Amino acid sequence: MNLASLQADLWTVAPELWLLGVGLLTLLLDLVVPAGRKAAVGLTAVVGLVLALIPTSSMVLWQPRTVLFGTYAVDGFAVFLKIIAIVTTILVILSATDSMGRQTRFEGEFYALLVFTALGLMLMAASTDLILLALSIEYVSLTSYVLAGFLKGNPKSNEAGIKYFLFGATASAVMFYGFSLVYGLTGTTNLYQIAQRLSAAPVPALYLAVALMLAGFGFKISMVPFHQWTPDVYEGAPTPVAAFLSVGSKAAGFAALVRVLVVTLDPSRVNWVLLIAVLSAASMTLGNLLALPQRNIKRMLAYSSISHAGFLLIGVAAFRGDFGTPGVLVYLLGYTFTQLGAFFVATLIGSQLGTDEIPDYAGLARRAPVLALLMAVFMLSLTGLPPTSVFLGKFYVLAAAIDNGLLWLAVVGIINSVISLYYYAGVIRAMYIMPAASEAPLAEPAGLQVALGVTGLGTLIMGIYPQPLIDLARSAAVLLRL
Amino acid sequence: MGELAAFMILSLVTLIPAVVVVTSSNIVRAALSLVPTFLGVTGLYVMLQAEFVAGIQVLIYAGAITVLILFVIMLTEGGTGVRTRQLNDQVPLGAMAAVWLAFVLIVIFTRTGWPTAAGVLPAYNVVAVGNAFLSDYVLIFEVTSVVLLVSLVGAIVIARRED
Chain A
1 MNLASLQADL WTVAPELWLL GVGLLTLLLD LVVPAGRKAA VGLTAVVGLV
51 LALIPTSSMV LWQPRTVLFG TYAVDGFAVF LKIIAIVTTI LVILSATDSM
101 GRQTRFEGEF YALLVFTALG LMLMAASTDL ILLALSIEYV SLTSYVLAGF
151 LKGNPKSNEA GIKYFLFGAT ASAVMFYGFS LVYGLTGTTN LYQIAQRLSA
201 APVPALYLAV ALMLAGFGFK ISMVPFHQWT PDVYEGAPTP VAAFLSVGSK
251 AAGFAALVRV LVVTLDPSRV NWVLLIAVLS AASMTLGNLL ALPQRNIKRM
301 LAYSSISHAG FLLIGVAAFR GDFGTPGVLV YLLGYTFTQL GAFFVATLIG
351 SQLGTDEIPD YAGLARRAPV LALLMAVFML SLTGLPPTSV FLGKFYVLAA
401 AIDNGLLWLA VVGIINSVIS LYYYAGVIRA MYIMPAASEA PLAEPAGLQV
451 ALGVTGLGTL IMGIYPQPLI DLARSAAVLL RL
Chain B
1 MGELAAFMIL SLVTLIPAVV VVTSSNIVRA ALSLVPTFLG VTGLYVMLQA
51 EFVAGIQVLI YAGAITVLIL FVIMLTEGGT GVRTRQLNDQ VPLGAMAAVW
101 LAFVLIVIFT RTGWPTAAGV LPAYNVVAVG NAFLSDYVLI FEVTSVVLLV
151 SLVGAIVIAR RED
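These protein sequences, in sequence, are chains A and B.
Per the UniProt record's numbering, the first sequence starts with residue 1, numbered consecutively.
Per the UniProt record's numbering, the second sequence starts with residue 1, numbered consecutively.
The shape of chain A in the complex, shown without the other chains:
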């Protein structure tokens, strides 16, 4: 490869380079901005991230190819997930500008780490090389451990950080062992070359490698049986971080999982579809059943995020045909808005009332009517009722399951949606029916208002007028394959 084509390749990583610059700028700004006005650092990061959306979204329709010596993919799939990563980070920073300053004196570093994590998520979504994949997963994990344990004065946050670290380090080690087996079998780290060399009959070690790799990906997307960390970490971590982990890391984890399974392992005729389908059913069911008795909103959302990982896995298992991969993308975007919105309401209640217990949401409809209405919309969307964004995603992945002959999985999914109505409706019941402890209206900080507005609008618009999004997801579902 000559220098000219390397220069051309550099343009394809322009969004990543821009984000790196924004992250460094955030770090530098933090040095000069006095304490108490650190929200300005966060807002600068937000502006930088919004600008990063321009070069990123202009790449949706680019010719799919790999760049930089085959280590990095430029395809609609990666671009779509990069957009999700950036949007998530923007909203999370907006939601944190009010409350983080009062909880830690490292507010500037908090925003910088979030921007850098967004960069890691983008790298994860587009890696086409095992080394880069391992590196970017480890990158995102390292920053996530720090973010989860960010509130050092709070023992629960410390616990969240250390638990996340121990689980994550183990899961990564197991996954890298799987990567090493794949390398041993093929002699290359490039996902496309691996796919070519694995097209002969699968050998026993390949099955082992798939199982080991699934442990790592399963950890990132909190799939059963690698889900145990989720409720403890979400409960202890600062609420904006919990929101970030439940959406950002999960989306990037799915990106890596889909790329490795569909691009690399599918040509080898390893029958992974049934395995993923069973894990999907287990995640949906177990996540839902464990969510039923929860009284803490963050724990409830954690278990519900496990169950949503199960739903997303339906789309992964049913990737053949026209619905699977677009379904995963539509679901991820819809889930991003809804889940973030629910966590933002929890952030606001947590910072204003100092509680995360669902019974303390009593009478919210009277104290903050708009907030309560939004929360009700988010809860109905997470259940999967029309006209909301997650309904659209569920519709797509269930259609994909039926289309792929996985009817039993679709039935399990529908039953689970019905079960989930119980605990989501519990929140609505507390807000609208139970009497309020006090009538004082709640203050709503501006940053959170914007973030809530965007997530609420996103949830509803995607549900009511989905056509542009469906078209986008269809054209973005071009996963670069052999």
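Rather than coming from a laboratory, the hints here were simulated on the basis of the structure.
Given the structure is predicted, the values throughout are model-derived calculations rather than measurements.
Keep in mind that a hint or two might mislead.
Said to hold, decoys possible - Dumping the calculated SDA-like pairs for lysine to any residue here, alpha-carbon to alpha-carbon at most 20 Å: (1) Lys156/A - Arg197/A; (2) Lys152/A - Gly94/B; (3) Lys152/A - Ser151/B; (4) Lys152/A - Ala171/A; (5) Lys152/A - Gly78/B; (6) Lys156/A - Arg102/A; (7) Lys152/A - Leu20/A; (8) Lys156/A - Gly48/A; (9) Lys163/A - Trp100/B; (10) Lys152/A - Glu162/B; (11) Lys163/A - Val157/B; (12) Lys156/A - Val157/B; (13) Lys163/A - Asn88/B; (14) Lys163/A - Gln86/B; (15) Lys163/A - Gln90/B; (16) Lys152/A - Ala155/B; (17) Lys156/A - Gln90/B; (18) Lys152/A - Asn88/B; (19) Lys152/A - Gln90/B; (20) Lys156/A - Glu162/B; (21) Lys163/A - Gly94/B.
Said to hold, decoys possible - Take a look, some chain A residues computed to stay more than 10 Å from chain B by CB distance: (22) Leu20; (23) Thr186; (24) Ala205; (25) Arg320.
Said to hold, decoys possible - Simulated restraints on C-beta separations: (26) Leu10/A - Asn131/B: 43 to 53 Å; (27) Leu134/B - Gly321/A: 27 to 37 Å; (28) Met96/B - Ile54/A: 24 to 34 Å; (29) Arg320/A - Gly2/B: 47 to 57 Å; (30) Ser57/A - Ala159/B: 36 to 46 Å; (31) Leu275/A - Ala102/B: 39 to 49 Å.
Ideal Cβ placement from N, Cα and C applies to all residues, glycine included.
We have chain A already, so just place chain B on it with the hints.
This is chain B only, laid out in the frame that chain A set:
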């Protein structure tokens, strides 16, 4: 035959201190036991004719990382205790899982036909490594430096006092 014997000896040099690392109740002893483990791995690299990696392994792991761990122990409040319990009551369960996993791995590895065609060694390791870093793996190489920077920021945030 001589190669096999060398491999066996190096494996034992790697594994026996590794057991000490995870069982010793004296944390400094555990840290220092990492040195022979790292040196054993160095020997394996030499057997694979990767001299450059072997040299780096000695410098970074046997040298720098071990010293770093000792510093961490020294600077951690109450970290130099000699009565650290590394085992808890879940040892039997964990041992069973480990033995079972080892059994599965050995069975699978022996039944797999591994491609073992010998590659061509470059004349100078260092040149090949340098070329690979700045051509095929340039993105990975650059991302690594970002990861190090971000880890540094994260470590400082975690280590500094909140007050």
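Hint check against the structure, violated hint numbers in rising order: Hints 1, 2, 4, 7, 8, 9, 17, 18, 19, 22, 23, 24, 26, 27, 28, 31 contradicted; others consistent.
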